[in-house]
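Student: Sequence:
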Amino acid sequence: MELSRPQSLLDESAQRTRAEQVYLLYQNSNTGFAVSITVGAMLVVALRNTIPVSHLSVWYASLLAITAIRYVIYRDYFASDPSDRSDRRWEVAFLAGTGGAGIVWGSTMIFLFPGDAVTYQVLIALVLAGMVGGSVAVFAPLQSAYLAFALPILVPGTVRFLVEGDAVHAILALMIFIFLLSMTAVARNAENAVRTMLELRFDNQGLTAEINERKRVELALLRSEERFRDFAELAADFYWELDSDLRFTDISNRFSDVSGLRMEQVLGQKMEAVFASHTVDDSQLTAKLHQLGQREPFDEFKLEWVAPGRTKRVLLLNGKPVTGVGDRFLGYRCVGRDVTEEHHLAQEMTHQAKHDALTGLVNRREFTRRLETALAHGKRSGSEYVLCYMDLDQFKVVNDTAGHGAGDELLKQLTSTLLGRVRGRDTLGRFGGDEFGLLLDNCELNSGIQIANSLLACLNEFRFRWEDRVFQVGASIGVVAMTSATETAHQVLTQADLACYTAKDLGRNRIHVYQADDRALARMEIEIACVSDLRDALNFNRFLLYCQPILSVDSNQIDHYELLLRLREKNGKLLSPRCFIPAAERFGIMKEIDRWVITHALRAYVERLGTDSRINVSINLSGNSLDDGDLLQWINEQFSKARIAPSQICFEVTETAAIHNLGQAHRLITELKNRGCRFALDDFGSGLSSFGYLKHLPVDYLKIDGGFVRDMNSDEMASAIVTGINGIGHVLGMQTVAECVENEAILASVKSLGVDYVQGYAIGEPLPLSEAALA
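The numbering of the sequence shown is my numbering, which starts it at 1 and goes up by one.
Source of the hints: derived by calculation from the structure; they are not laboratory data.
It should be emphasised that the depicted structure is a prediction, and the values quoted were computed from it without experimental measurement.
Ideal placement from N, C-alpha and C gives every residue a C-beta, glycine not left out.
A couple of the hints might just be wrong.
What the hints assert, rightly or not - Each computed DSSO-like pair below joins lysine-lysine, with the alpha-carbon atoms no more than 27 Å apart: (1) 354 - 312; (2) 573 - 504; (3) 312 - 302; (4) 412 - 396; (5) 270 - 354; (6) 320 - 354; (7) 641 - 673; (8) 396 - 320; (9) 396 - 591; (10) 270 - 215; (11) 412 - 302; (12) 573 - 641; (13) 591 - 573; (14) 354 - 302; (15) 641 - 591; (16) 504 - 591; (17) 412 - 379; (18) 302 - 320; (19) 695 - 641; (20) 641 - 751; (21) 270 - 302; (22) 396 - 379.
Claimed, not checked - Per label pair, the in silico range of CB-to-CB distance: (23) 727 - 555: 21 to 27 Å; (24) 329 - 300: 32 to 38 Å; (25) 484 - 329: 54 to 60 Å; (26) 333 - 433: 32 to 38 Å; (27) 298 - 373: 43 to 49 Å; (28) 250 - 306: 22 to 28 Å; (29) 599 - 727: 36 to 42 Å; (30) 79 - 122: 56 to 62 Å.
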């Protein structure tokens, strides 16, 4: 019995055949274009003496136009994607173009019909008949294409001959009609032949493909088992099979290599008997065997395996149950992989993610996690914990003088020393740099303070030897008790950090216990909040530059201004430097503020005065900036960007900062003076121990501390100090500046001493730089 094809397959086959017929039409049409144009030209030549030239020209132009349109369709078809050619629009386009050509040829019996020349009439009829007859071969793939061409050609001629009304024309019309019928039959037969040929070809192709596919599948099936075993043996993984009693029925050679068991020791044995004697965790294996008894698949089962005389291996096992007819359980097919190296690598990566690479202590993230765990446990059980936050003192000295290699070795030795002094259940961690944390487990505050003091004593006794030098370090330690009121790890860390900062502020090398009502801590919290506001001010340009004039006593002219800094709070209130500079210096932000001042000062100078002004401006540098090794290069870059002469700028450093950083101050002053800058030593006299350092600092101006100048008319000691500083400055070749000259009486007094410059309210009050009328 012949099997019928599904309707969907029949429709698909018919569509494919039709598309191929259209393809053959397009493939044959190129020849038709040439024949049509050539025969048309011959017809025009034959009728040139019978038909008006204008009629012939219009007709031939129409023929060329329709041929061009057909050619464009032909070109677009072959330029299209082959998968798109089955679209019905290509057949419609071809029929339309062909019908248009037939209409042009058929119009010859209307527009080119020679009324009195029967011979020419017969000639035209023969030409049209020849075109129709010849088109049968071109349009053989599709009868509808033939009819689209033939009907518009022959029907007008047949009608025209019938209209003539005589017997001759009637016979010609009959002949044309018979010819059309016969050619239509021929076209139908030709299409059937082409369609049959295409269907046979497609059927043969499908049959051939089916035969080839079946052969390929049969060959693949024949080789599948051999290939499976070859690949399984060559792969790093291993496989085995179990029967319904969970006995080994097949194993790969690789299984023996990994497990250390010979094949004869395994085959026929139950999985429990083979695995149980070699696994590290029996409870885990027992649970898995129970799962296998329930015929459940197992995925990513990690088994730690130790065979006799072998190191521990970690195996990753996967398996699925196998069933037969009627869902009968046949056993398991399983694969496994030796993941020992990956397991060790994962453990190492986990350890590295939780521990500091240099000291091996837990890092800040892991310490915080343990802190959170301790908080949760303390709230559940009432257990007490104490947190110690430690910051090493003098660690920077080791790094700066002996190098970072020495600093790293110091941290490792200190870690070993500290670990020897903490209890086994406590957690010591490194937060980064020279900061450490210690979480004391099950410890009340008093005991925690004792442990912190013992650690501090240990650090004071510790001596670090590096090459031929010996260093001593201490620590500032903040201690905080974790209570039920402690909400988060972040909160207790912040409290311990504050206590540590307070210990540093109170003199370093001591402990400080966090108390909620501690005034020192409250002040520290205010300063830390101030630091946040300072950074916000830097980011949003809330600093303002003010300036105060400095009068030359000799010329009685103002050609020098000191730039002063103000901070505009978010509420619009202006703060003087004494309100925020201490916090900025304490927390290391002063370097950034100094750079902000220099950048904006140079920009404002150029905008207000240009680059050739003789006005000098003084810019203050903090002690923090004197420690900045990159400051000199950065200042030089700012001079280049602003295109301002360094001689127009005077930098001021305080006496205290200069003496504290004498080497750095001398180097910076010397380098910038070589560029043309000037330098002033500010607030001189406030230390009274600095006269011996003056000869080491090549400054241009010595600014007498305003506290002495303000009191010189009412305090003989202050007057003597001002007189002495002025005299020493002149002896060393420096010009002197009296600060805080606030009235005419003080102005007269300092002038009588021979001071070179004066500055204060008697000369001019500080004004915003943008508003000051600079000379």
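Student: Failing hints, ascending?
Tutor: 2, 5, 6, 8, 10, 11, 12, 17, 19, 20, 22, 24, 26, 27, 30
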